[in-house]
Structure formats: structure tokens, C-alpha cells
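Student: Here my numbering is used: the first residue of the sequence shown is 2, the next is one more, and so on.
Each hint should be verified, as a subset may be incorrect.
Pairs of lysine to any residue residues, derived as SDA-like cross-links and limited to a Cα-Cα distance of at most 25 Å, are as follows [said to hold, decoys possible]: (1) Lys318 / Gln233; (2) Lys354 / Gln264; (3) Lys219 / Pro297; (4) Lys354 / Leu88; (5) Lys354 / Arg399; (6) Lys354 / Glu89; (7) Lys401 / Asn231; (8) Lys388 / Met262; (9) Lys219 / Leu180; (10) Lys401 / Met262; (11) Lys354 / Arg298; (12) Lys354 / Arg279; (13) Lys318 / Glu276; (14) Lys401 / Gln161; (15) Lys318 / Pro213; (16) Lys260 / Ser170; (17) Lys219 / Gln271; (18) Lys260 / Gly295; (19) Lys401 / Ser101.
The hints are simulated quantities; they were obtained by calculation from the structure and are not laboratory data.
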Amino acid sequence: MTSALLIVRSGGPVDGHPTDGGDAPGEGLERYKRACGVRSRHARSATAFLLRESRRASSGAKGEGKQTIPMGAGASFPIGGQQFPSLEKITEGGENIRISYSASAMQGHRGAMTDARAVVPDLDDLTSFFGVYDGHGGESVALFCAKQFHVELCNHQDYQNNLPAAIRSVFFRMDELLLQSDEWKESLRAGSKCLMQFLESGFCAPKKVTTPYIAPQKTGSTACVAIIRNHQIIVGNAGDSRCVVSRNGQAVVLSVDHKPMDQAERNRIQRAGGEVVRDKIHTAEGGFRGRRVGIPRINGILTVSRAIGDFEFKNNKQMNPEQQVVTCEPSVRGLTINHDVEFLVVASDGIWKSMSSQGVVDLVHHYTRSGVDDRSICEQLCQRSLKSMDNSTVILVRFKPVCQLAAPVDMNDPLGALQEEEEEQEDEESAGEIRPA
Numbered sequence: 002m003t004s005a006l007l008i009v010r011s012g013g014p015v016d017g018h019p020t021d022g023g024d025a026p027g028e029g030l031e032r033y034k035r036a037c038g039v040r041s042r043h044a045r046s047a048t049a050f051l052l053r054e055s056r057r058a059s060s061g062a063k064g065e066g067k068q069t070i071p072m073g074a075g076a077s078f079p080i081g082g083q084q085f086p087s088l089e090k091i092t093e094g095g096e097n098i099r100i101s102y103s104a105s106a107m108q109g110h111r112g113a114m115t116d117a118r119a120v121v122p123d124l125d126d127l128t129s130f131f132g133v134y135d136g137h138g139g140e141s142v143a144l145f146c147a148k149q150f151h152v153e154l155c156n157h158q159d160y161q162n163n164l165p166a167a168i169r170s171v172f173f174r175m176d177e178l179l180l181q182s183d184e185w186k187e188s189l190r191a192g193s194k195c196l197m198q199f200l201e202s203g204f205c206a207p208k209k210v211t212t213p214y215i216a217p218q219k220t221g222s223t224a225c226v227a228i229i230r231n232h233q234i235i236v237g238n239a240g241d242s243r244c245v246v247s248r249n250g251q252a253v254v255l256s257v258d259h260k261p262m263d264q265a266e267r268n269r270i271q272r273a274g275g276e277v278v279r280d281k282i283h284t285a286e287g288g289f290r291g292r293r294v295g296i297p298r299i300n301g302i303l304t305v306s307r308a309i310g311d312f313e314f315k316n317n318k319q320m321n322p323e324q325q326v327v328t329c330e331p332s333v334r335g336l337t338i339n340h341d342v343e344f345l346v347v348a349s350d351g352i353w354k355s356m357s358s359q360g361v362v363d364l365v366h367h368y369t370r371s372g373v374d375d376r377s378i379c380e381q382l383c384q385r386s387l388k389s390m391d392n393s394t395v396i397l398v399r400f401k402p403v404c405q406l407a408a409p410v411d412m413n414d415p416l417g418a419l420q421e422e423e424e425e426q427e428d429e430e431s432a433g434e435i436r437p438a
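Use the sequences and the hints to build the structure in full.
Tutor: So, in C-alpha cells, the structure goes:
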């Protein structure tokens, strides 16, 4: 079984190191990691590492069915992946004059690692970029997004003057690139392409039978990107990866979980010709429980209603991209970084399945008061997400005083006004959505 994790980072020396969370008994892993440097013309000293690991599957007796993992007294959970979880974490950290950050990822119970992350603390002199991409049907689209999203954002005409509009446009741009040709796959290959290009185009090159390019039909990725510029945070997301800010110890959600059962999402799905079907749950008697019990899925397949890729759900020629069964249209939200905004967390749903937004904020504060460093905090969040049975990726960003706005909020500033409105909300707050001009 092969798994991959892409980390994109920049801004000078950064400590990135794998840490061992402890192997489960009988895990029997053989790992190798291969790194290839890739330059980004938009992020100083940007380096991309493709970390691959080869897993030797635990072999059972012939004729055995699905393996099970104990889930408490008298209970077992069938899985299609590995019997024991991979507890190794890939962790890094760094800082600049505005922020400090740490990030970690863990494969967990899944048979492959399909999460990817992009960490670019110096996208330009005033801007930092953090992205989490949770792939499904494979890791390729998530890896492509982690390498290309922030590059396309820097190239966008609205990057300097209308960041929300640029973010929204780049989500659609990613789909456009995936639709055009398979050139996007070249950027995911390790090593130099020179030899292969010579062999493919040289005298001894074999004759090729050209076949029409087909965009990834059953492979896609969620995306949650957080951009920090001056005293503002702008977040764009499609899918169920989430961004949460801690303000005076209270969780402020800056993203939207796009799920098929949300009424607006379900209406769009049905108008485009799709349907929402719940998983059927097997009973001990061999039958099924009712349709209201299982996880809602689009056409019985996909559990998120917005994603990059997944073109089998985007083929209604009478509909524009925003109206398809699955759309890549993001929710875009923002917040002013006032003196009471302490940190933000961007994470894949492997984290949020096992902890609430407020629970994550509380846990970070608890570990901080206990003197735990941020890299270890990220690793602990991954470890605690093990019960989600999913990959987990988390980025923790803290704001330095130069990034925090100490002056009163200007009510003519839409992000500042938004923050004031949120003061009146209770419990786990959500920031208002920004509509690009």
C-alpha cells in the first residue's frame, strides 16, 4: 500500500521532522521517505517534499473475510484498510515576524494517506498562506492543490486588491486546470523529467497511441485555505475541512461544512439531477436498518457536497459550475485580528469527527497552560483523532503582537464590523460570509 503526504513550506529554515507516536503491537512497518525539491516562484525559499511510505500489509489466513478492530466490549469495526493504525506523525514548525505556526499529520487507520497541506508563511512580505486538502478516491487531487493553489492565487489579478474575489476564483481555476489536460500530473512526479522527456521524444521513442484525456472522475479533494494579511484573516473552503479561530477562548468558525443533508446543498444536488442516499446499516439478523440511520451520500457515494475534482458529479451540461451536483464554489469568510484573537486551527475532518470546534480550542489552551510546545500540541490533536478512523492533518497558527490590531475596530471596515457583530453571538460562533465585489 502506498501513501503520500505533500508539505509545501517557505520562509527560511524550518524544522520538519517525523516523530514516532509508537507502533501498535504487530504493526510490522517498513518505511522509506523520498524527498524532491520543487521551487515556487511566488514563495521565497519554497520547498515541496513528497513523502512516500511503503506499507507491508498484515497477511491473514486464506479465506478470511474483512479484518476487525475491537471498538469496546463485545464490539468490532470492519475496515478495508490496515489492521493496526499508523501512528507516525509528520510534524514541522516555523515563524516569521507576524506569526508562528506548527503542523502535523497522521495516517491513522486508513490504508493510505490522502491528506495534503501547504504551509507558506511568506507568500509575500505581508501575506501568509495555510491550506489543508483532504483527498478522496486517491491522493492526487489533494497533492495537486497543495502544490498549485497558492501559486494560482499569487498570479490572480485580484490578489492584491480583492483577496476574497481572488480566493473564490482560484477554486474554480483548480477545476479548470484539472479539466484541461494531464499536465497537472507531471508536477506530482518526483525527480527530474529530462531523461523521460528525451526518451519520449527522441529517436528511439515508441509510437504512441493518443487517447482523449479524461479528467479525474472519482478522485477529488476538499480545500480549506486561510490567508493572513496585515490584520485580517480570509478563509475559503469547499467541503468539510475546517478553520477555527480562538477569540478570548471562544471558538469562531471561519468555514462552512458542506454536507449533502444541508437544505440548500440538497436542493442544488436535486436540481442538477443527483440524489442524497443514506448508508444502509446491517443488523445482526442480516437485514438493514432504516434509511435515516446511515451517513448521507451524494448518489450513495460522496459525503461532501463541494469539492475540487470529482467530475463524475459535474457533467450536467445545462448547469454552470456553481449549480452542479458537486461544486467547487467556496464559502469565503473573514475576521479582523484584534488583540483578543489568539490563534487559528486549520484541519481535515479527521480532527473534527472526534472533537468539536470548541473542544479543539479548549484543548490547545489547556496544553499551552501546561507548557506544551505547539508541535507537540498538533501531534496530540492527531493522536486524539484516532477514533475517527480517518487521516488527520492540523495546522496551528499563533499571532504575534505586530499582527494584532490593538486600536478600536473601524466599523467602515467590513471585516471589523463583522467581528463586532460576532460579539453578540453565543457558544460556537461563525463569522459572516464575504461576497466578492
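Student: Could you run down the list of hints and mark each one as holding or not?
Tutor: Now the hints, each set against the structure:
1. Lys318 / Gln233: Outside the cut-off at roughly 38 Å; violated.
2. Lys354 / Gln264: 21 Å, holds
3. Lys219 / Pro297: 18 Å, holds
4. Lys354 / Leu88: Cα-Cα ~18 Å, so holds.
5. Lys354 / Arg399: Holds, at about 23 Å.
6. Lys354 / Glu89: Status holds; Cα separation ~20 Å.
7. Lys401 / Asn231: 11 Å, holds
8. Lys388 / Met262: It holds: about 24 Å lies between the C-alpha atoms, which stays within 25 Å.
9. Lys219 / Leu180: Satisfied, since the Cα-Cα distance of roughly 13 Å is no more than 25 Å.
10. Lys401 / Met262: 39 Å, violated
11. Lys354 / Arg298: 16 Å, holds
12. Lys354 / Arg279: 18 Å, holds
13. Lys318 / Glu276: Between Lys318 and Glu276 the Cα gap is close to 17 Å, so the pair holds against 25 Å.
14. Lys401 / Gln161: 23 Å, holds
15. Lys318 / Pro213: 19 Å, holds
16. Lys260 / Ser170: Between Lys260 and Ser170 the Cα gap is close to 22 Å, so the pair holds against 25 Å.
17. Lys219 / Gln271: At roughly 20 Å apart (the allowed maximum being 25 Å), Gln271 and Lys219 satisfy the hint.
18. Lys260 / Gly295: Status holds; Cα separation ~14 Å.
19. Lys401 / Ser101: 7 Å, holds
Of the hints listed earlier, those the structure fails to meet are numbers 1 and 10, in rising order.
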